[in-house]
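My numbering numbers the first residue of the sequence shown as 1 and each following residue consecutively.
It is worth saying that the hints were derived from the structure and are not from the lab.
Keep in mind that the hints are not guaranteed to be accurate.
[Claimed, not checked] In silico SDA-like cross-links for lysine to any residue, where the CA-CA straight-line distance does not exceed 25 Å:
id, residue 1, residue 2
1, Lys467, Gln339
2, Lys213, Asn420
3, Lys467, Gln510
4, Lys220, Thr502
5, Lys220, Ala234
6, Lys287, Arg423
7, Lys491, Ala469
8, Lys243, Gln162
9, Lys467, Asn490
10, Lys491, Asp184
11, Lys467, Gly437
12, Lys220, Gln272
13, Lys509, Thr207
14, Lys491, Asn196
15, Lys287, Thr198
16, Lys287, Val351
17, Lys287, Asp242
18, Lys287, Asn420
19, Lys467, Leu452
20, Lys408, Glu435
21, Lys287, Thr247
22, Lys467, Gly340
23, Lys287, Ile245
24, Lys491, Gly239
25, Lys408, Thr198
26, Lys467, Thr438
27, Lys491, Asn119
28, Lys213, Gln510
29, Lys287, Gly239
30, Lys509, Trp273
31, Lys287, Val307
32, Lys287, Glu302
33, Lys220, Tyr514
34, Lys380, Glu302
35, Lys380, Gly354
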Amino acid sequence: MKNTINKYITCLFSRLEQMPRSSQSLSRHSISGVGIVAHSLLLVLLFSACAKQIEIKPEYQLDGSSPLATITEADNVLTGAYDAFQSGDYYSSAGIGPFSIAPDISSDDLIETHESLGNEQATAEWTYIPTDNTVRTPWLGAYGIISGVNIILRDIDNIASQDPKAARRIKGQALAIRAHVHFDLLRLYGESLDGNSTAKGVPYVTTFDVNAKPGRNTVKESYDKILADLSEAATQLSGELDKPINTATDKSRVDWLVVKAMQARVYLYAGQWQAAADAATAVISRKALSTIDEFPAIWNDESVAEVLWSVSFESVGDGAVYDNVYFARGNRSAYRPAQGLTTLYDQSNDVRYGAYMATVGDLNGTPHSPRLIVVKHLGKGNKTDGVVNWKAYRVAELYLIRAEANFKLTKESNALSDLNTLRENRIDGFTPGAETGTALWNAILTERRKELAFEGTRFFDFKRWNKTAINRCASNTDSPSTICSLASNNKGWAWPIPFNETNVNPNLKQNEGY
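Make the full structure from the sequences, and use the hints.
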């Protein structure tokens, strides 16, 4: 019976993203205004669908308030949390893809085309509305994942004696996931990304409590809690475990090296430069950067060179990260690469240009005028179905993090060395640069844009750079979008808190301007 219940847990997680899209009342999909998947993960609402899948009898309903009894049960809940990253509420473009597509659409790297038919135009133009599902589903999806790992963290110490090494493996991953998801929520909904800011951050939820009505932590408090969870995760995963988390060919989970990468990213955003550089070094010293020859195969999943964490998408049923709705695998894509980005590449010698973009003149056998489209996430092998793993962390980002941090620490020679190493592994025949001062800073920012294009980072970079104004108007030709710039004082830097959440929880304050 225990095995059946474990399968049931995993099934429930895989269906969590469907809940916000139902026609039922909004209030039944939130907990006291935070969207932490109310009433014991709403397992009763989801019971019917999962029961059919695994043939479980109604008398064996699982309640989130019941403690996990075995290590196996905890492991299966962890699997469910990983599966939830595949949803449109997170990395899949079945929804807005708030941490994959949306940050690119709302940056200066993509331009809306007439083929978009207005899809996600509010994201492209930063005109969010608190009652929209686009705003609501990422909040609920993210806190749904947090709910699951909080159940694990509530119970894991009580069952650790069954297998202490397995318990450390599970606990470390759960802590890291909780930190990662809260950080993403902070990036999207936080009023600021300044590490010392007392502006509104996000509720940092560490317990499973259906009656809680938490308020928002400040941005600084949010960072502190994220980093505390990551520190404990690193401690848990640095010890001897019952089995490896990842393998040489499978990077689908969060191990110690991924936690260090997470720390480096968070420290960079928070402006803790030395800590960011140190965490990046921990990764760089243990994992090689991909070469020019290895690089293209990363994107069709024929190689995991330099990949640290790759969120698994294995079939059409899992969804796609950049599917046909937004980036057509033919000519008429809904969003196209901005000229301001494409002209930065040495198109003849930079391996990234051909790996990320292509000019295609035919869609479904119908010829069209050639247009540049995004092909970075086209599919596995030679497939073009958009089903491909989402590369959440790569070694290249760590070189860029360390370069930026060292520049801020006035260690320009170290920053230049990392920058040149990356460029030498991306541009055939590259002659090492000798930039200093402002020229070096600009080169670091340019290389970051080129390397991480279409990986959901560009908008957040603008936001953490003191909300540097976004202006894509020069690239906005032949576009239905009429708003092409975002001023530093615009409310659109932070998504609004979903209306239903603030409506039922008086402690949850709305962002300014909404």
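Each hint, compared with the structure:
Straight-line distance between C-alpha atoms of Lys467 and Gln339 comes to about 22 Å, which keeps the hinted pair within the 25 Å bound. Taking the CA atoms of Lys213 and Asn420, the gap is about 50 Å. The hint is violated against a cut of 25 Å. Taken as a hint, the Lys467 and Gln510 pair is honoured in the structure, with Cα atoms around 19 Å apart against an allowance of 25 Å. At roughly 22 Å between alpha-carbon atoms, Lys220 and Thr502 fall within 25 Å of each other, so this suggested pair holds.
Of the supplied pair hints, the one linking Lys220 and Ala234 holds, its CA atoms being roughly 21 Å apart against a limit of 25 Å. The straight-line distance between the Cα atoms of Lys287 and Arg423 is roughly 17 Å, inside the 25 Å bound, and the hint therefore holds. Between the alpha carbons of Lys491 and Ala469 the distance comes to roughly 12 Å, so the proposed pair stays at or under 25 Å and holds. Restraint check for Lys243 and Gln162: satisfied, since their Cα atoms lie roughly 15 Å apart, inside the 25 Å limit.
The hinted pair formed by Lys467 and Asn490 meets the criterion: a straight-line CA distance of about 9 Å does not exceed 25 Å. A distance of roughly 18 Å separates the Cα atoms of Lys491 and Asp184; the hinted pair therefore holds under the 25 Å criterion. For the suggested pair Lys467 and Gly437, the alpha carbons sit about 22 Å apart, so the restraint of at most 25 Å is met. Restraint check for Lys220 and Gln272: satisfied, since their Cα atoms lie roughly 12 Å apart, inside the 25 Å limit.
For the suggested pair Lys509 and Thr207, the alpha carbons sit about 20 Å apart, so the restraint of at most 25 Å is met. Between Lys491 and Asn196 the CA atoms are separated by roughly 20 Å; this keeps the pair inside 25 Å, and the hint holds. Between Lys287 and Thr198, the direct Cα distance comes to roughly 36 Å. Violation of the 25 Å bound is thereby established for this hinted pair. For the suggested pair Lys287 and Val351, the alpha carbons sit about 20 Å apart, so the restraint of at most 25 Å is met.
At roughly 22 Å between alpha-carbon atoms, Lys287 and Asp242 fall within 25 Å of each other, so this suggested pair holds. Taken as a hint, the Lys287 and Asn420 pair is honoured in the structure, with Cα atoms around 18 Å apart against an allowance of 25 Å. Between Lys467 and Leu452, the direct Cα distance comes to roughly 19 Å. Compliance with the 25 Å bound is thereby established for this hinted pair. Proximity of Lys408 to Glu435 is assessed by CA-CA distance (about 15 Å); at most 25 Å being required, the pair is judged to hold.
With a CA separation close to 13 Å, the supplied pair Lys287 and Thr247 stays within the 25 Å bound. Annotation: proposed proximity of Lys467 to Gly340 holds, straight-line Cα distance about 19 Å (limit 25 Å). Restraint check for Lys287 and Ile245: the C-alpha separation of about 16 Å stays at or below 25 Å, so the hint holds. Restraint check: the Cα-Cα separation between Lys491 and Gly239 comes to about 45 Å, which exceeds 25 Å; the hinted pair is violated.
For the suggested pair Lys408 and Thr198, the alpha carbons sit about 23 Å apart, so the restraint of at most 25 Å is met. Proposed proximity of Lys467 and Thr438 is supported: the alpha carbons are some 19 Å apart, at most 25 Å. For the given pair, Lys491 sits about 21 Å from Asn119 by alpha-carbon distance, which is consistent with the 25 Å threshold. Taking the CA atoms of Lys213 and Gln510, the gap is about 14 Å. The hint holds against a cut of 25 Å.
Simply put, Lys287 and Gly239 have alpha-carbon atoms about 19 Å apart, close enough for the 25 Å limit, and the pair holds. Our distance criterion of 25 Å between C-alpha atoms is broken by Lys509 and Trp273, whose separation comes to about 31 Å. Distance check on the hinted pair: Lys287 and Val307 sit about 9 Å apart at the alpha-carbon level, within 25 Å; holds. Between Lys287 and Glu302 the CA atoms are separated by roughly 18 Å; this keeps the pair inside 25 Å, and the hint holds.
This hinted pair checks out: Lys220 and Tyr514 have alpha carbons roughly 22 Å apart, not beyond 25 Å. Simply put, Lys380 and Glu302 have alpha-carbon atoms about 7 Å apart, close enough for the 25 Å limit, and the pair holds. For the given pair, Lys380 sits about 16 Å from Gly354 by alpha-carbon distance, which is consistent with the 25 Å threshold.
Consistency with the previously given hints fails for numbers 2, 15, 24 and 30, ordered from lowest to highest.
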